[in-house]
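Visitor: If you want the building blocks of each chain, they are given just below.
Number of protein chains: 2
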Amino acid sequence: MKRAVVLLSGGLDSATTLAIARNQGYACHCLSLDYGQRHRAELQAAAHMAAALGATAHRTLTLDLSVFGGSALTDKNLAVPTHEQPGEQAGIPITYVPARNTIMLSLALAWAEVLQAQDIFIGANAVDYSGYPDCRPEYISAFEAMANLATKAAVEGRRTAIHSPLITLSKANIIRKGIELGVDYALTVSCYQADDAGRACGVCDSCRLRRKGFAEAGVSDPTRYA
Amino acid sequence: MKRAVVLLSGGLDSATTLAIARNQGYACHCLSLDYGQRHRAELQAAAHMAAALGATAHRTLTLDLSVFGGSALTDKNLAVPTHEQPGEQAGIPITYVPARNTIMLSLALAWAEVLQAQDIFIGANAVDYSGYPDCRPEYISAFEAMANLATKAAVEGRRTAIHSPLITLSKANIIRKGIELGVDYALTVSCYQADDAGRACGVCDSCRLRRKGFAEAGVSDPTRYA
Numbered sequence: 001m002k003r004a005v006v007l008l009s010g011g012l013d014s015a016t017t018l019a020i021a022r023n024q025g026y027a028c029h030c031l032s033l034d035y036g037q038r039h040r041a042e043l044q045a046a047a048h049m050a051a052a053l054g055a056t057a058h059r060t061l062t063l064d065l066s067v068f069g070g071s072a073l074t075d076k077n078l079a080v081p082t083h084e085q086p087g088e089q090a091g092i093p094i095t096y097v098p099a100r101n102t103i104m105l106s107l108a109l110a111w112a113e114v115l116q117a118q119d120i121f122i123g124a125n126a127v128d129y130s131g132y133p134d135c136r137p138e139y140i141s142a143f144e145a146m147a148n149l150a151t152k153a154a155v156e157g158r159r160t161a162i163h164s165p166l167i168t169l170s171k172a173n174i175i176r177k178g179i180e181l182g183v184d185y186a187l188t189v190s191c192y193q194a195d196d197a198g199r200a201c202g203v204c205d206s207c208r209l210r211r212k213g214f215a216e217a218g219v220s221d222p223t224r225y226a
Numbered sequence: 001m002k003r004a005v006v007l008l009s010g011g012l013d014s015a016t017t018l019a020i021a022r023n024q025g026y027a028c029h030c031l032s033l034d035y036g037q038r039h040r041a042e043l044q045a046a047a048h049m050a051a052a053l054g055a056t057a058h059r060t061l062t063l064d065l066s067v068f069g070g071s072a073l074t075d076k077n078l079a080v081p082t083h084e085q086p087g088e089q090a091g092i093p094i095t096y097v098p099a100r101n102t103i104m105l106s107l108a109l110a111w112a113e114v115l116q117a118q119d120i121f122i123g124a125n126a127v128d129y130s131g132y133p134d135c136r137p138e139y140i141s142a143f144e145a146m147a148n149l150a151t152k153a154a155v156e157g158r159r160t161a162i163h164s165p166l167i168t169l170s171k172a173n174i175i176r177k178g179i180e181l182g183v184d185y186a187l188t189v190s191c192y193q194a195d196d197a198g199r200a201c202g203v204c205d206s207c208r209l210r211r212k213g214f215a216e217a218g219v220s221d222p223t224r225y226a
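Chains as they are written, first to last, in our numbering: chain W, 1 to 226; chain B, 1 to 226.
Just chain W, with the same shape it has in the complex:
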């Protein structure tokens, strides 16, 4: 059975990505990062998701990115936006965490190397999060090129592939895909400021996108709102 490292945040996108990797027959080693995000419910959701979708292993690394600041997701002095911002689509949201995907993919690469896994899955999506530079296809390709020079595996001729199966899907199509693969979205937490019980605020950007996705997919929204 081929091994893969799957980045798992506890949200809707990474849960769907795990389901896709499992459906492709991978033994999935899931990696979550406790990077100082505002709430813990997301990490608990990741553990539930890994178990529900039959992951082989699940590990959570702790790395306090809040020491750098600069994001509303890690810096308690910056507010999470709760309504459509004027000009928001043109810029990069304050919820962007500097170099987050680069850090997470680097950690996945380290684990993949130890596991001798040649496949890494990430739920990056360029449609809804077009403002996040590290969710673009050209970024993923550049990371893959770098990874194939970075490791022992690369020197020995084994290639590493970075899979981002959701990158061009709309939220509605991600949800349709996940439902088809049996994902229980009630276990996932997307909200940027969920409470300790994992209940969503319903008003942040991530909640709005998620709610709209369920509506467009014609699927009843299983989210627990506060």
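I should point out that these hints are in silico values taken from the structure, not numbers from a laboratory.
The beta-carbon is built from N, C-alpha and C at its ideal position, and this holds for glycine as well.
Misleading hints may appear alongside valid ones.
Unchecked claim - Short derived list, chain B residues pointing at chain W, Cβ under 7 Å: (1) 63; (2) 68; (3) 98; (4) 106; (5) 113; (6) 139; (7) 143; (8) 151; (9) 155.
Mind docking chain B on chain W? Use the hints.
Guide: The following block gives chain B in isolation, referenced to the frame of chain W:
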């Protein structure tokens, strides 16, 4: 004053790199990683070096890479080699930490983004550590290309440069350069298994390379041996 992020391990190479960055006029923000390496003396040496060379800031992030295992530097079940291994030059040493430079450069990139710094310095060296894939010039170039797609700065047209000023220098020439710039190498710890007081074993690969470097540079070796 231009800002730079400088990766600082506490060893000879990164100390020299910091001196070079300071000499080029950068306000240096030094980043160390407590990744579960065998000894703490290296991190203390990093703090001393940052102060001695006039760094603007110094932060140490904690990230326990020993959970992945696979390296003699983080896995206590693997022994640090203490003599020339047959065929060692042809392979990748057991002291290689999977994806270490990729992880450290990713963290530097995150901090650089928050600081709006466009320059990152790393003491990677392809001469003595030719067995480490992530110390090769082509790897550094690929990381730089990826970084220039990964960040808000990239989207806004500000380029990030990854500087590896030691990459083609011999250990002797690194030492000559550092002496010229006033580096006090007595403050640095290179040994893979130094004791708590920072005293070197004298027999691991890193100790042997360092000792040979001082001899070739014609500089008396200030290393404190156990």
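Visitor: Could you run down the list of hints and mark each one as holding or not?
Guide: Cross-check of the supplied hints:
no. : hint : result
1   : 63   : 5 Å, holds
2   : 68   : 5 Å, holds
3   : 98   : 4 Å, holds
4   : 106  : 4 Å, holds
5   : 113  : 4 Å, holds
6   : 139  : 4 Å, holds
7   : 143  : 5 Å, holds
8   : 151  : 6 Å, holds
9   : 155  : 5 Å, holds
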